[in-house]
Amino acid sequence: MTRLAPEVPDDAQLLAAHRAGDPHAFGVLAERHFDRLWGVALRTLGHPDDAADAVQEALVAALRRADSYRGEASVSTWLCRIVVNGCIDRLRRARPTVPLPDHAQPRPDPAGAVTTRLAVDAALLTLPPEQRVAIVLVDVQGWPVAEVAQLLEVPVGTVKSRCARGRSRLAALLGHLREDG
Amino acid sequence: MSSPRPHLDELAELDAGLLDTGLLDAERAQALRDDPASRAVLEALAATRADLAAMAAPPVPAAVAARWAAALRVEQGRPDHAGEASRPMPAGSATGAAPREAGPTGAGPADAQPIGARSADTVRRPAGRRGPAGPRPGMRTWRRPAAVAAALLVVLAAATALHRAGPSADDAQPALVAQARRSIGVRDAGALTDGSRRAACLRAVAPAGITPTAPLVGGRQVVFAGHPGVLLVLGTGRRGVLAVVVVDPGCTALLAVDRIGG
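Line by line, the protein sequences are chains V and L. Residues -15 to 165, numbered by this note's numbering, are exactly what the first sequence covers, in order. Residues 552 to 813, numbered by this note's numbering, are exactly what the second sequence covers, in order.
Hints in this document: simulated from the structure, not taken from any laboratory. Remember, predicted model here, so these are calculated numbers, not experimental data. Even glycine gets a Cβ: it sits at the ideal position worked out from N, Cα and C. Any given hint could be a false lead.
[Stated by the list, open to error] Estimated spans, in silico, between C-beta atoms of each pair:
| # | chain 1 | residue 1 | chain 2 | residue 2 | range |
| --- | --- | --- | --- | --- | --- |
| 1 | V | G126 | L | A582 | 25 to 33 Å |
| 2 | L | G746 | V | G55 | 45 to 53 Å |
| 3 | V | V(-8) | L | R584 | 19 to 27 Å |
[Unchecked claim] Calculated from the model, a selection of chain L residues having no Cβ within reach of chain V, i.e. all distances over 12 Å:
| # | residue |
| --- | --- |
| 4 | Q581 |
| 5 | R584 |
| 6 | V808 |
[Unchecked claim] One side of the interface only, derived from the structure: several residues of chain V facing chain L at Cβ under 7 Å:
| # | residue |
| --- | --- |
| 7 | H17 |
| 8 | W22 |
| 9 | R27 |
| 10 | G30 |
| 11 | V44 |
| 12 | V124 |
| 13 | L136 |
| 14 | L161 |
Using the sequences plus the hints, can you model the full thing?
Okay, structure coming up:
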């Protein structure tokens, strides 16, 4: 006797069910992505309270505008885009970027002194929002560059460029770059 | 003909795959890879990527997940009661979502960052005290009730008296630098986020060796040795060295001074 496994709806089916009036579908859909969205928001904003607020706002926004989903990107990418945009808005609202003093720029230490290492999460928070988001998605979360470009709605080269600038700055802050003559 | 000395930005672009976009030609890319100094930089960038890959966030806390689920239920006009977050889906609508352990709705993490052993008297933003019928359960509110503000003034007066003579080493001091590192990039210094107000504050409390106009690298509301305060992480003009200052919220007293690096 063949035992059929229960059918598990995919993300698009859940979103369609929500649009059709299923009161529980969106909650199930959202919960599937809780950890991923949390990771993006936490690493982008650097504070659990801010991350919790940002994701909550994004989920409610996604619920309200579910009809605007057109299927150009996956539901997962669509949800993450709303979270990322919310995080960037928060960063811009809360803090006009104050760059680290010039000495923190990634360049060789002329004195050859041991570079003070910042914790990775602390160093990440020194990056401008766009660089930080690109680094979080590509290097921390492991998203393909092409998918990040789609999520951020920018060319692939822009994502790579943001990652390049961010990594070079982080390499100095983390102490990986040292004077070597 | 020798190639020009490689620049970090150029190597970072090579490392990021921008070569494929034509920003670097193949000959130059090969020259960069063959250069020992360039290889060291590329290895540093690789180590940086490895550090980043190792910092994936932990799963969302159950209380936060429950808060989000409650917010979605409220948004959909459904009753918000304990246990619904883990209720199985009705047949035909969805399956397979593992129920999470539902935490207390609206219970968010503590907000003011306590430093030191006497952090129990944290007086800060109440997290998630909105009722279940509110539009955004658990969303933090930044309003401080008048009664709390009055109590704060009393605490401040005590703190001012305690610390008027200057910062003192106590049980909170060792945690200060760690908290300061975590505050880099955080912009939660209230009025002291504003450069002119911060400069005026620093002139008033006059921490030794710190320029009032030093750039703000990070700041947040904290509880330092049981007293509310504002932690400021400031640039010093020296690479890898940051100044750490804690003042009381009214900037009438200097609670602590420390530094990162140096």
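Against the structure, the hints:
1. V:G126 - L:A582: 25 to 33 Å: 31 Å Cβ-Cβ, so the 25 to 33 Å window holds.
2. L:G746 - V:G55: 45 to 53 Å: holds (46 Å)
3. V:V(-8) - L:R584: 19 to 27 Å: violated (47 Å)
4. Q581: holds (19 Å)
5. R584: Fine: 16 Å to the nearest Cβ keeps L:R584 off the interface.
6. V808: It holds; L:V808 is separated from chain V by about 18 Å at its closest Cβ, greater than 12 Å.
7. H17: Hint on V:H17: violated, closest Cβ of chain L at ~10 Å, above 7 Å.
8. W22: At 4 Å from the nearest chain L Cβ, V:W22 passes the 7 Å test, so the hint holds.
9. R27: holds (6 Å)
10. G30: Because about 6 Å separates V:G30 from the closest Cβ in chain L, which is inside the 7 Å limit, the hint holds.
11. V44: holds (5 Å)
12. V124: holds (5 Å)
13. L136: Cβ of V:L136 sits 15 Å from chain L, so the hint is violated.
14. L161: With a minimum Cβ separation of about 5 Å from chain L (threshold 7 Å), the hint on V:L161 holds.
The structure shown violates the earlier hints numbered 3, 7, 13.
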